[in-house]
Amino acid sequence: MNAVASTYTESIGHTSSASRRSQPARPSGPAKSEDTLIARLRCGDEGAFDELVNQQHGALIRMAMGYVADREVAEEVVQDTWIAVIKSLDRFEGRSSLRTWVCGILIHKAKDRGVREKRHTTFSALESYDDDNDEAVDPFRFQQSGEWAGHWAFPPQPWDDQTPEKLLASKQAVDCMQRAIEALPAILKEVLILRDVEGVEAKEICEMLNITETNLYVRLHRARERVRVAVETYLEGGMKTV
Amino acid sequence: MKDHPSQWIHSELTCRDVAERATDYLDNHLPILTKVPVGLHLASCADCRAYLKQIALVSEALGRLPKLYPRTINRLRRHFSALHGCAS
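In order, the protein sequences belong to chains A and B. Quick note on our numbering: the first sequence kicks off at 1 and runs consecutively. Quick note on our numbering: the second sequence kicks off at 1 and runs consecutively.
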């Protein structure tokens, strides 16, 4: 499952985290630009189609990986999704955003393919996952009893000199994060990919996945914590070898 | 923890409570009655500040992961053009 990045043509996509985090309720700008994109698609504008695919392909691949056996199958599912989008474009009524609609098709096809491939572990993980289960942070890291119950027993060691840029400059750190994402249960992976990797607004994610904001934030925090632990393990391993 | 004034006034947040709310806090998803005590705890707890910073860093790094583009876009374009015509 490693070295999958070499199967794709990659370029660095820069997303402004400030713009992601401080997004207000959807303004007319983005909605208008989506209307324009849809109109161009319906006129057969190949450039518009390229834009749409480039915008969403990464998220679809990562989400499909939560439901199917491997990257090859995920690619097939996403290809099938794009074909379905192309065929159904005239029937898109605009009741949801284009992205929500495409993701809905993907999830349907990925789940169907996962069942056909008998990926019972994935499905059972999906169906049995309970938002009320367990805490995100390993309880072992906190004092269990006594005067300081609930306070850190094993606090995180500060990453004083770490920045997103430094992490992303390290292929090992990037691989570590990619592996951590791929190891997530599907329902944690979906929200992490949509919110953090793709920068989709919370409300749109809730609509897409038919979950409440409470569910979203519980799952998002659990997913982020697992990736944080993976990065922590990687950094501590690096520090030990210095 | 219920967000009722009586709970807010008398309860003290532990690091465990704050850690569980880190994403809500960073994404500004906490009601004010929880946000204020979390902020007060963070002001005096270096360990929780370190934890929050790590969650924020991971979230930001995830947003900058290399994008994945399809290698087989030409085949998809042919499907698209066949069904919707070519405007260019």
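Read the hints as simulated data drawn from the structure, not as lab findings. Treat the hints loosely; a few may be bogus.
No more than 25 Å apart at the CA atoms, straight line, and that leaves these computed lysine-lysine pairs for DSS-like [said to hold, decoys possible]:
| no. | chain 1 | residue 1 | chain 2 | residue 2 |
| --- | --- | --- | --- | --- |
| 1 | B | LYS35 | A | LYS171 |
| 2 | A | LYS111 | B | LYS67 |
| 3 | A | LYS32 | A | LYS203 |
Hints and how they fare:
For the given pair, LYS35(B) sits about 37 Å from LYS171(A) by alpha-carbon distance, which is inconsistent with the 25 Å threshold. Proposed proximity of LYS111(A) and LYS67(B) is supported: the alpha carbons are some 24 Å apart, at most 25 Å. The suggested pairing of LYS32(A) with LYS203(A) holds, with an alpha-carbon distance near 18 Å, which does not exceed 25 Å.
In the structure shown, a violation is registered for the earlier hint numbered 1 alone.
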